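Each chain, letter by letter, is given below.
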Amino acid sequence: MAVFEHDVLVIGAGLAGMRAALAAQDAGANVGMISKVHPVRSHSNAAQGGINAALNEDDSWEEHAFDTIKGSDYLADQDSVEVLCQEAGAELIRLERMGVIFNRDETGHLGTRRFGGATKARTYFVGDITGQAILHVMYEQLLKAEARGQSPFRLYEEWFVTSLISDGERCLGALALEIRTGELHAILAKGTIIATGGFGRVYEPSTNALICTGDGMSAAWRIGAPLMDMEMVQHHPTTLKGSGVLITEGARGEGAYLLNSEGERFMKTYAPNAMELASRDVVSRAEQTEINEGRGIDGCVLLDMRHLDPQLIQERLWQIREIGIDFADVDIVKEPIPIRPGCHYAMGGIKTDVNGATPVSRLYAAGEAACVSVHGGNRLGANSLLDTVIFGRRSGAHASESGRSEKAPSIPDSVIEEERKRLQAILDRPKNGDRVAQIRLDLGVSMDRNVAVFRAAEGLEEERGIVAQMKERYAKAPVEDKGKVFNTDLLFHLELGYVLDCAEAIVLGAIERKESRGAQFRLDYPKRDDANWLKHIMLSYSPEGVRMDYAPVTITQWPPQERTY
Amino acid sequence: MQVNLKVRRFDPAGDGDARYQSYSVDMPENATVLDALIQVREYVDGSLSLRCSCRSAICGSCAMRVNHRARLACKTKVTEVAEREGDEIVVEPMGNMPVIKDLVTDMEVHWSKVRQITPWLQPTGPEPEREYLVSNEAMLDLSHTMNCIMCGACVSDCTVLEVDTKFIGPAALAKAYRFGGDPRESRDPAAHVQKDRLQYLSDVPGGIWDCTRCNMCVEVCPKDVRPMDRIMQLREMAGEAGVKGSIGYRHGGAFANSVRRLGRLDEARLLPDSVGFWNVPRLLSEVPGALRLLRAGKLPWSHAMPWHKPIPGIKHVRRIVDQVRKERKASSS
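These protein sequence lines are chains A and B, in that order. Per the working numbering, the very first residue in the first sequence carries number 1; after that it's consecutive. Per the working numbering, the very first residue in the second sequence carries number 566; after that it's consecutive.
Please note that the accuracy of each hint is not assured.
Claimed, not checked - SDA-like cross-link-like pairs, simulated, lysine to any residue; straight-line CA separation at most 25 Å:
1) LYS144(A) / LEU698(B)
2) LYS421(A) / GLY651(B)
3) LYS571(B) / GLY651(B)
4) LYS431(A) / GLY651(B)
To be verified - So the derived list for chain B, only partly shown, Cβ under 10 Å to chain A, looks like this:
5) ARG616
6) GLY660
7) MET662
Because the hints were derived from the structure by calculation, they are not lab data. Predicted model only: the values in this text are computed from it and were never measured. For each residue, glycine too, the CB sits at the ideal point set by N, CA and C.
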C-alpha cells in the first residue's frame, strides 16, 4: 500500500491517453499514466482504415465538419466539431513527423482513400493497420520524452483502477491494483484524465477487445460525472460472422461491394448515391433489413472484393485478408466474406467540453470514453483516431495548465483501507454456482438482441429488467482465484461491474429517446423528431437512483436537414 | 469437439515448482487455442492466468508456447495443431523470460531491448512545411516491419538469446531497421544520425552481428515480419554506410574472400582475417575452442592447416564473385 503523487494522472494508455500524457509533459507537468495492459496492447490498435483530415487542395475543414455533422444525424455539437476539423490537418502532419509511415501518392505526398459518409477522399492511412501504426509511434514518442527526461513521468503498467477518489466535489486521483503483486495503491493528482476507451464488451459479439469494458465511464459515473448520448452505440456494418472481428470500412473505401443472397448490391435501394459508402448506421440498417427480410445468408450478407486488384489488396488490405483466412477460412481475393452488423463504438460517454473538462472538478476525459460530443448519433469512419489525438492533446494541455493553481491533494489512509476491504469482501464470497463469465454472456447476448440496430419499447423494457437481474446476480457472484499475483479472475469480476453500469446507462438512454436518430432506430418511433429530441440525454448516478437531464445541441452554421445518402 | 489441453501452471505463492495440469473442454470446430483457454478460465478453473485481449492477432498479448513453439494462441486453430501434432495440446509460457504466473511472463527483457535501440525517428535539419516527401515504396517496405505487434514470440524462441542475454534480439533489431531504413531519418553525413545508429548496432555487445541466422524468428513470427531478414538488411546498410570496423563485418568479407581465392572456406585464415592478424589476445583466446573442435572431429586437421590449393575450375567462381561485386557497387552508387 503506497501513495503516489502527480500533477496529472492519465488513466488508459491508448492513443488518447498517450497523446494526453505527451501534451501534459510538454506543458511541464509531472505525469503518471496507469494502464491495465502495456500501452501497445491498447485497443487503438484495432482501428484499421485511417484518420480523417481535410488537407487535400479540393477539400476544406468546413466540408469535413459538415460531413461529420450530417453523419451524426445533427446530434453532434457543432462548435466541438469545428475544433476537431480545424485542428485535424496540423495534428495529422505532426503524426507524420513523429514517424507514422502514412501511404503516399505518386508524388511522394500523403495519399488518401475514400471512407463512408465523406464527400471527399480525406482518409489518411497505413494499409489497414493505421491504428497500430500510430499507436506504436505514439509509444515511441513517450519513450523519447522519458529518455530525454523532459519532465517526471511514471507509467504504472498493468495496474487496474478499482475506483476514482472523490471528496464529494473534486476528483483527487485513483485507487489501483498493481496486478503483479495484488497490492492496492492510491495515485493522487491535481488533474485526472480518463482515457479508457469504450464499452464494447457490453455486447456479444463485438468488434471490441476483451479489455473494452467501459472502466473509466463507469468509475467517473460513480463519482457523479454525467454520461451523455449513451444510447448511441455504433454497429459497424462489416464484422466477421461468429467472433465479430472487424473488417475495415477501408475495404468499401477501396471499392468492395455488399451483396445479398441474390447477389444484388442492395445498397442501391437504401443509399442510391453513396451506395456502400453511406454512413455506418445507414449501411448497418440496410444489412439488417436484408437479413430480416430473408435475403441474408445464415444471418449475414456478403462483402465482395473479388473484383479488386490482388496487388491493391496486398498493399492496402493485407491485414483483413489475413483475418479472413485465419478466422473465417475465406480468402477475400477469391471469395466474398460473410459479415453482419456488430457492436463497435460508443458515440456517448463522459460529458466533456472541448478541453476535456467534465462537470466534476479536476476530472477530464478524452477519446472513446468521452462525449465532447463530436460524433452525435453516428460516428464517421476514421474520425475516431482523429478524436483521440485532438482531444487527448487538448485535455492533457488543459489539465496541466489548470492544475498549476491547485494544491496537491491528500487523503486519509482510511480511503485505501476501505477499498481494500471492499475487494477482500468480493474475494471472500462463497461459491454459489454462478459465474462472472455466464453473467457477462447472458447480458451481452440479450443486449445484442434488444438494443442493437433496431430497437422498440418492448425489447428495451425487457432489457431493463435483464440488466437489473444481472446486477443482482453480480452482487453475489464469487471469485474463484484467491491468490494475489496476477489474479485475472478478480479483474474480470471488477470489469463486469463496470460493464453493467454502462449497460444500464445505454438501456435508460435508449428507452428515453423516443425517436430515431443515428444509431438509435426505434421501430415504434421511426422518424427523427427535431422538435422534441434535438437534445442530448445526460444520466447522472446517485445512490437514490439515476437522474436524467437534457443538454441542448449546439448549432453554429449547419441547421438540421433531411439526411439522405 | 473435445479439446484436450495440458497447461503448464506456476503459482508464485506455491512451492516454487511448475506442474502440468490437464483440461478437457467442448469447443466448436473452428475454435482457437485461445478460445479453449478462455473456456477453461471462465468455466472450469478461474485461477488460470494468461494475457489476451483482441482475439484477432492485432494486440500481441497472447503469445505463448503451443506444442513447444511460440505462437499467438488466438491465431492457432485447435484442429490444425491437433491434426498435425497429436490430440493433446501442450500450452506453456514463452521462453527466454521469467514466468510471473502460469502463462504470464515478465516481458521486461524484451521492452528493455526496445528502449536500447533509440526507438524513435530522428530527422534532422529544417522541418518541411508539410509532410516529408518520400516514396510509397519506401513506406510499404517499412510497413512489413511496422506489422510487428511486439508479441515476443521471436524473443521467446530466439536461440541466441537462450545463450547470450545481451543479444538485443529479433524484435528490437527489426524495430531498429524500421528507423534505419526510414528515408525520413537523417542521412546527412554531417548529422551522423544513420551512421551513429548503425555504428552502435554494430559495436554494442549483442548487436546485429551476433545473430546466427538460425531462422527461428522468421518461422515463429505470426505477422510475417521476418526479423532475421531485417537484421541482414541492417548489416548491409552498416557496410554501405562505412561501418566496417566490426569483427562481424570483416568475418563476412573474409568468408567471401576465402571463397573467391580457394572456391571453399579456408578455416585457418577465417579467424585472423576476421579479428585481425595483430589481435593476438583475441586469437589466443580462440585457441582452446579450436582445439576442442579438432578433438571432437568438428574441424578436420587438413582444414586447420594454412596451405590449400584452389578447387578445380576456380576461375568460374572468381568470375561470379567479381560480377556480383561489380553489380552491387553499381547499384549502391
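Under the criterion that the straight-line Cα-Cα distance not exceed 25 Å, is the pair LYS571(B), GLY651(B) satisfied? holds, 12 Å
Holds or violated: are the alpha carbons of LYS421(A) and GLY651(B) at most 25 Å from each other? Violated, at roughly 47 Å.
Sort out whether GLY651(B) lies within 25 Å of LYS431(A), counting only the CA atoms. violated, 36 Å
Proposed proximity, LEU698(B) with LYS144(A) (alpha carbon, max 25 Å): holds, 24 Å
Answer holds if the nearest beta-carbon of chain A is closer than 10 Å to that of MET662(B); otherwise answer violated. violated, 13 Å
Does ARG616(B) pass the interface check with chain A, least Cβ-Cβ distance below 10 Å? holds, 8 Å
Under the criterion of a CB-CB separation shorter than 10 Å, is GLY660(B) in contact with chain A as hinted? violated, 19 Å
Checked against the numbered hints given earlier, the structure breaks hints 2, 4, 6 and 7 and satisfies all the rest.
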